[in-house]
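Asks: Listed in order, the protein sequences are those of chains G and U.
Under the working numbering, the residues of the first sequence are numbered 1 to 308, in order.
Under the working numbering, the residues of the second sequence are numbered 1 to 301, in order.
These are calculated hints, taken from the structure and not from any lab test.
Where a beta carbon is used, it is the ideal one built from N, C-alpha and C, also for glycine.
Errors might be hidden in some of the hints.
As the list claims (entries may be wrong) - Calculated cross-link-like contacts (lysine-lysine; reagent style DSBU-like; alpha-carbon spacing at most 30 Å):
id, chain 1, residue 1, chain 2, residue 2
1, U, Lys202, G, Lys117
2, G, Lys277, U, Lys90
3, U, Lys31, G, Lys239
4, G, Lys296, U, Lys89
5, U, Lys76, G, Lys281
6, G, Lys296, U, Lys76
7, G, Lys181, G, Lys138
8, U, Lys233, U, Lys151
9, U, Lys76, G, Lys96
What the hints assert, rightly or not - Far from chain G, some chain U residues (derived; all Cβ distances over 10 Å):
id, residue
10, Glu77
11, Phe78
12, Lys83
13, Cys99
14, Gly106
15, Arg109
16, Ser110
17, Asp116
18, Gly129
19, Lys138
20, Glu141
21, Lys149
22, Gly191
23, Lys227
24, Lys301
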Amino acid sequence: MELPEIVTIKKVVKENRKARTFFFDMSKITKGASSGSSDQRKPAIFEHELRNSQSEFLVCWKALLSNTQEPLVLDKKIKPLAGQFVMVWLPGIDEKPFALSYDNAVTVERKGVFTKKMFELKKGDRIGVRGPYGNGFKLKNNALVVAGGLGIASLARLVERLKNPEIILGAKTKEELLFAKRFRKKKLHIATDDGSIGFKGFATELMQEILKKKRFRAVYTCGPEIMMKKIFELCEKKKIECYASLERYIKCGFGVCGACACGDQLVCKDGPVFNSKQLRKMEDFGSYSRPKDGKKVSLAYYAKWRSR
Amino acid sequence: MLSARICSISLENPLILASGILDTTGEMMAKVARHAGAITTKSISLKPREGHKNPTVIETNNYMLNAIGLSNPGIKEFINEIKIVRRTKKPVIGSIVGCSDEEFAGLARSIGNYVDAVEINVSCPNITGERIGQEIGKEPESVKKIVRKVKNSVHIPIIVKLTPNVNDIAEIAKAAENAGADAITAINTLGPGMAINIEARKPILANKFGGMSGPAIKPIAIADVYKIYESVKIPIIGTGGIVYGKDAIEMLMAGASAVGIGSAVYYRGHDAFGKIKNEMVQWMRKNKVNSVREIIGAAHK
Chain G
1 MELPEIVTIK KVVKENRKAR TFFFDMSKIT KGASSGSSDQ RKPAIFEHEL
51 RNSQSEFLVC WKALLSNTQE PLVLDKKIKP LAGQFVMVWL PGIDEKPFAL
101 SYDNAVTVER KGVFTKKMFE LKKGDRIGVR GPYGNGFKLK NNALVVAGGL
151 GIASLARLVE RLKNPEIILG AKTKEELLFA KRFRKKKLHI ATDDGSIGFK
201 GFATELMQEI LKKKRFRAVY TCGPEIMMKK IFELCEKKKI ECYASLERYI
251 KCGFGVCGAC ACGDQLVCKD GPVFNSKQLR KMEDFGSYSR PKDGKKVSLA
301 YYAKWRSR
Chain U
1 MLSARICSIS LENPLILASG ILDTTGEMMA KVARHAGAIT TKSISLKPRE
51 GHKNPTVIET NNYMLNAIGL SNPGIKEFIN EIKIVRRTKK PVIGSIVGCS
101 DEEFAGLARS IGNYVDAVEI NVSCPNITGE RIGQEIGKEP ESVKKIVRKV
151 KNSVHIPIIV KLTPNVNDIA EIAKAAENAG ADAITAINTL GPGMAINIEA
201 RKPILANKFG GMSGPAIKPI AIADVYKIYE SVKIPIIGTG GIVYGKDAIE
251 MLMAGASAVG IGSAVYYRGH DAFGKIKNEM VQWMRKNKVN SVREIIGAAH
301 K
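Could you put the whole structure together from the sequences, leaning on the hints where they help?
Replies: This is the structure in structure tokens:
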């Protein structure tokens, strides 16, 4: 079942002048959940469900395998993987992908029409959510996490699961820093473009400094794609495995429509996290993206189109 | 054993990637269709089309509803993707969509040098307020006019993709054949249908209505192909709800010469073609069927 489930917003947290986090009841949301209008019983076992159920979350699939007429039981202990995303639906407006910044929340920056509408939402309001989707991050020890701007939203749950990672938080200014408080007890490095707090300069420049002193087994990154490309190149030079979480215009979210394709990889299903081997072959990475009509355009054009 | 034929085009197997599935980039089409006999592109229009807002696709365990809205970058841009698909050496069917016979003919001429056949989409059910898709395909005379014009514009085979949402699909197929069509693809998505989220009290799709595909529509597709087979001599690409090898066999028996695969890419995963192909071979071996040709239209005998 790939249908939005209506959930109530439990809490809205103002993170900084541009970003807010919306908490909702995640226990209702999991693939396999059915919309109110359709039958909860399972007519057939399809392979994608069996495959998906190998991840941490999803349905109690013993019922599927035995093909009993049991209603689908949702496992309450389910936990989306770090790096997965959900599709948030504002009925009558639009539906957009957002990384889960907590197990049960998305963090949103005010940018275009949709996010402006989201900023009007209060505790008790209802939204539609479907997912979680995507592959998530593979966990490795001795890691460096590099986030640019809102990128930390998709890396946050990874940070919490990694063993003692070092983190670079990059932002334009002190006021736009995200989750600095949340990770204050971690090995946190801060870089701001204007130097209003921490290192003055880009996250990539700070990363270069840090790499001079320490060797890492893996680098995880999410943020503006130009930044991620630079980080990937640094990793290639230093022979460090790199994992980057990409953003593309997503329609279905479950791998049929092809809107989010980067060459022969789908961001919604094969990604959003890609490893060094995949990034090396990905011509579009750091250069091209595709708006709604599917035309190959520069990242700059895409970014402008995206924040309409 | 699996080799098949549509018009003058030889296929290594009868499975064809249907239009609208994973076809934004040439690389993605090539990857998902690596075990397919041929590849149909997304429906391309003269000018770029943004398509509908999200949600555009939803799925239950039996069916999908989609209202992508014919989004595509326009013919000029899309030729680049077709060039990439061509590297697979598999036959490529270029799907085109337009509002008038002149537009279809122009599209066919533009795409003609890059594809092995043209598929005329007069059956998309999720556009309103424009005379495009099934609004045209419901009228035998309009279909005839378009087919004739396209036929006079290119020298490659012309396939017409039909809507099931008519009183008599065989009549439309006959009209297409009389006008010079070389093959029929049947069926496009059903409906349109609608799903309402009862908590939100709103249709889920932004377009409200969407074409229905997936396992639930197979009986309609089988019946329509059966009817078309009785009324025309040109070959049929049977499409709609084919998920397993046995479904494909059933479609051939209904009268299809080749089988379109779309939603199965979700239900069976991105290696759906390999799986369905293997299941067909298994069934054919077990039932001592040596070639696809032996069973095409078998249900009519």
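Asks: Against chain G, does Lys83 of chain U keep a CB gap of more than 10 Å to every residue?
Replies: 13 Å, holds
Asks: Checking the smallest CB distance to chain G, is Lys301 of chain U really beyond 10 Å?
Replies: At roughly 30 Å from the nearest Cβ of chain G, Lys301 of chain U sits farther out than 10 Å, so the non-interface label holds.
Asks: Once the closest CB in chain G is found, is it more than 10 Å from Glu141 of chain U?
Replies: 32 Å, holds
Asks: Regarding the assertion that Gly129 of chain U does not contact chain G, is the least Cβ-Cβ distance greater than 10 Å?
Replies: 18 Å, holds
Asks: Hey, does Phe78 of chain U actually stay past 10 Å from chain G on C-beta?
Replies: At roughly 8 Å from the nearest Cβ of chain G, Phe78 of chain U sits no farther out than 10 Å, so the non-interface label is violated.
Asks: Would the least Cβ to Cβ distance between Asp116 of chain U and chain G come out above 10 Å?
Replies: 21 Å, holds
Asks: Holds or violated: Lys76 of chain U and Lys96 of chain G, Cα atoms, limit 30 Å.
Replies: 29 Å, holds
Asks: Minimum Cβ separation between Lys149 of chain U and chain G greater than 10 Å?
Replies: 26 Å, holds
Asks: Just double-check Gly191 of chain U for me: nearest Cβ-Cβ distance to chain G has to come out over 10 Å.
Replies: Given a closest Cβ separation of 16 Å, the condition holds.
Asks: With 10 Å as the threshold, tell me whether Arg109 of chain U passes as away from chain G on beta-carbon distances.
Replies: 21 Å, holds
Asks: Against the 30 Å threshold, does the CA-CA distance of Lys181 of chain G and Lys138 of chain G hold or violate the hint?
Replies: The hint holds at about 25 Å.
Asks: Do the alpha carbons of Lys31 of chain U and Lys239 of chain G lie within 30 Å of each other, as the hint requires?
Replies: Roughly 29 Å between the alpha carbons, so the hint for Lys31 of chain U and Lys239 of chain G holds.
Going down the numbered hints, you'll see the structure goes against 10 and 11, while the others check out.
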